[in-house]
Amino acid sequence: MKLKPIATLIGATLALGAALAAGAAGAPPALGPLPPPPIPKDNPMSAEKIELGKMLFWDNRLGGDASSPCVVCHEPGKGWGDGGEISRGYPGTQHWRNSQTVLNSAHYGRLFWEGSVPSLEMQAPSAAEGNVAGNGDPSLMEMRMRFIPEYVTRFKKVFGTDWPHIWDAYRAIAAFERTLVSDAKQVPFDRFMKGDKKALSDSAKRGMAVYKGKAGCIQCHNGPLASDQGYYSLGVPENEVFKTEPLYQITHRWEHYQKGVMEKDYRNADKDLGLYYISNHPKDVGKFRTPSLRELKYTAPFMHNGIFYTLDEVVDFYNKGGGDANWPNKSKLLKPLGLTDREKKDLVAFLESLSMDQPLLMDPPKLPPYAVMK
Amino acid sequence: MKPRIIRRSVLGALAVASLSAGAALAADLQPLPDPKFNAKMAELGRHFFFDVRMSGDAALSCASCHDPAKGWGDGMALAKGYPASESFRNAPTLINATLKSRYLWDGRLEGGDAGTMSRDMITEANFMNMDGRLLQERIKQVPEYVALWETFKKNDDPNGMRVFNMIGEFMKTIRSKNVPFDKFKKGDESAMSAQAKAGYEVFKGKGNCVSCHNGPVGSDGNLHRTGVPENPHVIDDPQHGPLRHITMLRHYSTSGMPNYMAARTDVGFYAISKDKRDIGKFNTPSIRDLKYTAPYMHNGMFATLDQVIDFYDKGGSAGSELKPLGLTADEKGALKAFLLEGMSGDPVTVEIPKMPAYQARAFGKN
Numbered sequence: 003m004k005l006k007p008i009a010t011l012i013g014a015t016l017a018l019g020a021a022l023a024a025g026a027a028g029a030p031p032a033l034g035p036l037p038p039p040p041i042p043k044d045n046p047m048s049a050e051k052i053e054l055g056k057m058l059f060w061d062n063r064l065g066g067d068a069s070s071p072c073v074v075c076h077e078p079g080k081g082w083g084d085g086g087e088i089s090r091g092y093p094g095t096q097h098w099r100n101s102q103t104v105l106n107s108a109h110y111g112r113l114f115w116e117g118s119v120p121s122l123e124m125q126a127p128s129a130a131e132g133n134v135a136g137n138g139d140p141s142l143m144e145m146r147m148r149f150i151p152e153y154v155t156r157f158k159k160v161f162g163t164d165w166p167h168i169w170d171a172y173r174a175i176a177a178f179e180r181t182l183v184s185d186a187k188q189v190p191f192d193r194f195m196k197g198d199k200k201a202l203s204d205s206a207k208r209g210m211a212v213y214k215g216k217a218g219c220i221q222c223h224n225g226p227l228a229s230d231q232g233y234y235s236l237g238v239p240e241n242e243v244f245k246t247e248p249l250y251q252i253t254h255r256w257e258h259y260q261k262g263v264m265e266k267d268y269r270n271a272d273k274d275l276g277l278y279y280i281s282n283h284p285k286d287v288g289k290f291r292t293p294s295l296r297e298l299k300y301t302a303p304f305m306h307n308g309i310f311y312t313l314d315e316v317v318d319f320y321n322k323g324g325g326d327a328n329w330p331n332k333s334k335l336l337k338p339l340g341l342t343d344r345e346k347k348d349l350v351a352f353l354e355s356l357s358m359d360q361p362l363l364m365d366p367p368k369l370p371p372y373a374v375m376k
Numbered sequence: 034m035k036p037r038i039i040r041r042s043v044l045g046a047l048a049v050a051s052l053s054a055g056a057a058l059a060a061d062l063q064p065l066p067d068p069k070f071n072a073k074m075a076e077l078g079r080h081f082f083f084d085v086r087m088s089g090d091a092a093l094s095c096a097s098c099h100d101p102a103k104g105w106g107d108g109m110a111l112a113k114g115y116p117a118s119e120s121f122r123n124a125p126t127l128i129n130a131t132l133k134s135r136y137l138w139d140g141r142l143e144g145g146d147a148g149t150m151s152r153d154m155i156t157e158a159n160f161m162n163m164d165g166r167l168l169q170e171r172i173k174q175v176p177e178y179v180a181l182w183e184t185f186k187k188n189d190d191p192n193g194m195r196v197f198n199m200i201g202e203f204m205k206t207i208r209s210k211n212v213p214f215d216k217f218k219k220g221d222e223s224a225m226s227a228q229a230k231a232g233y234e235v236f237k238g239k240g241n242c243v244s245c246h247n248g249p250v251g252s253d254g255n256l257h258r259t260g261v262p263e264n265p266h267v268i269d270d271p272q273h274g275p276l277r278h279i280t281m282l283r284h285y286s287t288s289g290m291p292n293y294m295a296a297r298t299d300v301g302f303y304a305i306s307k308d309k310r311d312i313g314k315f316n317t318p319s320i321r322d323l324k325y326t327a328p329y330m331h332n333g334m335f336a337t338l339d340q341v342i343d344f345y346d347k348g349g350s351a352g353s354e355l356k357p358l359g360l361t362a363d364e365k366g367a368l369k370a371f372l373l374e375g376m377s378g379d380p381v382t383v384e385i386p387k388m389p390a391y392q393a394r395a396f397g398k399n
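Going down the list, the protein sequences come from chains A and B.
Going by this note's numbering, the first sequence opens with residue 3, and the numbers climb by one from there.
Going by this note's numbering, the second sequence opens with residue 34, and the numbers climb by one from there.
Derived by calculation from the structure, the hints in this document are not laboratory data.
Please note that a few of the clues may not be correct.
[Said to hold, decoys possible] Dumping the calculated BS3-like pairs for lysine-lysine here, alpha-carbon to alpha-carbon at most 27 Å: (1) 299(A) x 207(A); (2) 187(B) x 266(A); (3) 398(B) x 261(A).
Based on the sequences and whatever the hints tell you, model everything.
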């Protein structure tokens, strides 16, 4: 929880910029240990803010019926996701996408599978207030916090306001989430890159070569995060639940309706259109943001709709050149790879070396009670 | 739309005419007019009214707080509301509710648009906390509802405000039944007991109840300060802590009331009007079917009509618009008989529909 000196942060930002520039020139940005995450100027970190954010992350009073705090779909013991193919969603509803891990989310420039928001500060309200997620009313959640004396004291100390404000709650949660990052000392690949040649097995080392070479994973999964944060259509098959399960169908239509697509897109909605919802450009249909490949050991199932339970399945999918050739906007980067069984195994061994030896677990905080306001 | 506007303005002119006539005539209770509603819409609304999927987490239906078996209220002093919230006011009966010229305890909605009232309750965070767009998609997942909807128009989507209007239309059907007073008023002298008739005289005369409780539902549709004591459970409930206070301050905050964090009493209409003269004013409730709708007042502070009558007899509390009445025990008894026997009819019941299940649809054919 110690804060990094500001100079380090600036250094890290410059390094990241340099890496991006290098990437534009030719070879993809190199994999490597993660720098400290960028901290937005308008939400500086402090120990008190992080502690408050942790409490709010667990506090079920942030949500509609007190059953849907952040932690319910982002459980430490489930890799900070919810372990399901598609997130459980709010009671009486179903979500429609896989609950992504919070781990290292501080490194993304945009959040959610189609990059719909530009910061963790903006992700938190979408989740807490979204009708198939937290379904909380912001003014009601704000008033609830004002009746929790310990929060009143803590918000005043951290944000200087007489009463807690909902946007400050989201800032505190974002600050807490910026502490949920891989610890390089625990990641075999990071130890390897820092000179511990024994940190990777021979299989993982061979897998790294496949990753960068024959399999071409590095084309998109590059840089310290192992994500270029770009958007691609892979033809990942739709999850079958949408064809048979009423609650999923309700949410599928609702998402199209509330995202404001054209009527024909709502009428014919039979897939997740991804980035198209944000850009309204036909070239973006079916595109999703490249996820980080760090901490995969703890974050199955995979893909935006949780369709693959194991890394073997994921590797097989790419080995076949991705999904249906006629999928809208399918990326030209995907081609049958012709990997041998040993290459596939090696690749999986390498991917697993991008995860910490032990999962990042955390005890729940003690939540302060409501009190009568005199 | 056009004919409706014209009709409205004609009605408006008539209303003005009747108001000026009313100034000359003494206000009185009147029999209920015959209900007017669209039967097909009301039928669909009946299904929606009892369907728990109308609330965010599918835990509550309209009937949870407006239960036909509890006089279309919930029988409690203060309504419960959505899980993890508690309400700070009484759940009013829905019997004859659509006839009122002003809706809700603080009168924040004009009467005449029951659909809007139903929308406000369904989408309000501390009542049913439902997103209207999600609601329409839930309805589309129930083949029986789609079939009923399509009796209006083929291939039409259940959506938007029209969903709430169905419930509003159903509410128009919730009307007093077989009320002795209505028969009496239409000439049947034997419809009310002698005591109830005496009570009617007190109601109109010495009690002067009629000055506010008049017209068909027994409400002038106006806001008055009677000084009903605060319900202490709003601020501090031994079981639920400050949950009601939270709801109250949040209501004031979203109403744009100044200095809402300081509120420790229910300010009523002031939160809406922001005029200090309106502090503590509440919408005159109907006095029909009181037999079924205890406890009484905006915060359920009175469990019995005796308490209510005693309260008015004393002229309410400090700051009240009321004056002490000096009623005798007989007069009080007569008044109570009039209200309980004369103004209350048969229990208002309805057949509670079965909730049809969601069914899978052809994916991609919406």
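Against the structure, the hints come out as follows:
1. 299(A) x 207(A): 17 Å, holds
2. 187(B) x 266(A): Roughly 18 Å separates the two Cα atoms, so the pair holds.
3. 398(B) x 261(A): 18 Å, holds
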